[in-house]
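Enquirer: Please construct the entire structure, taking both the sequences and the accompanying hints into account.
Number of protein chains: 2
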Amino acid sequence: MTTQVLADTLRSRGISPTQQRLAVYSYLLAHRTHPTADTVYQALCRDYPTMSRTTVYNTMRALFRAGLLRIVTIDAEEQHFDADTADHGHFRCTQCGELFDFDLPADTMRQCAPSGFQTDLFDVYATGLCPHCQATH
Amino acid sequence: MTTQVLADTLRSRGISPTQQRLAVYSYLLAHRTHPTADTVYQALCRDYPTMSRTTVYNTMRALFRAGLLRIVTIDAEEQHFDADTADHGHFRCTQCGELFDFDLPADTMRQCAPSGFQTDLFDVYATGLCPHCQATH
DNA sequence: AATAAAATTGTAATCATTACAAAACACCAT
DNA sequence: ATGGTGTTTTGTAATGATTACAATTTTATT
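Chains as they are written, first to last, in the working numbering: chain A, 1 to 137; chain B, 1 to 137.
In case anyone wonders, no lab produced these hints; they're calculated from the structure. Fair warning: there could be bad hints in the mix.
[What the hints assert, rightly or not] From the structure, some residues in chain A lie toward chain B, with a derived Cβ separation under 10 angstroms:
(1) Thr-73
(2) Thr-94
(3) Phe-102
(4) Asp-103
(5) Leu-104
(6) Ala-113
(7) Gly-128
Where a beta carbon is used, it is the ideal one built from N, C-alpha and C, also for glycine.
Expert: So, in structure tokens, the structure goes:
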């Protein structure tokens, strides 16, 4: 995805596409590993020496408000960010700590969402052992 | 539920039923409002003047490990505790901040859980506007 | 009662996140 | 270009939930 397209995406959501915001957003799009704010910060420090943690957080909030990312709170300690806003669940392995995506059956959201409530966000979290950690057990 | 029954429940899970633990657990059973650690602490302070926040946290961890409660992380700021371990979803209203329970369609968990993973915990979170806050909008 | 083990408590530390104000930057009209 | 205005970024300091820890108290056991 070109920078131009990214910039247009941000603009279309009312976010002016600054260098820092583009850097954060494109990092998220390129790394589907559910990074934390600090992980993103550490990675971008190298290329953008003036990048600050606060900017990472500010950008995350802006992207979140614009519906461009999902904040994963399956880990109580720290938030993880995910630029994939399509329907999917998150699995956390209690052994290795890794976060995995998993598919949700079609229409899960519609079936599960409580009636009478206006549901804006929908998250499915599972916790346990990933295949690898089951094996080394 | 009598104190005796509660004590037996704890004992059967390998948790010795101290005064403090019984107080915390019975508070959770009586108040299905998904309280935070501080809410529980503030409430129990009156009757148990020596109760400490650390004890509340310790007890929550013990109950959680024993499978007697669920830790709700839908609110990134602080954890909420729920003694109802039966299958149900949690809804958070972004306006009033309240947490609501909602029913999940039967077998949701089985249908949604990713294959190949050993799923120990399963949480469904929805966020948006509760019926009341939709009305006052 | 004496001893050992476990639980509780208060305080201090940790650490992710946010508040804030100063500096840097972008945009626009003149 | 220039100056002015509003936005963005940045570093530091504050916040606040949670945990670490060591001393004290309680509980269980002999």
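Enquirer: Run the structure past the numbered hints and jot down the numbers of the failing ones, going up.
Expert: none
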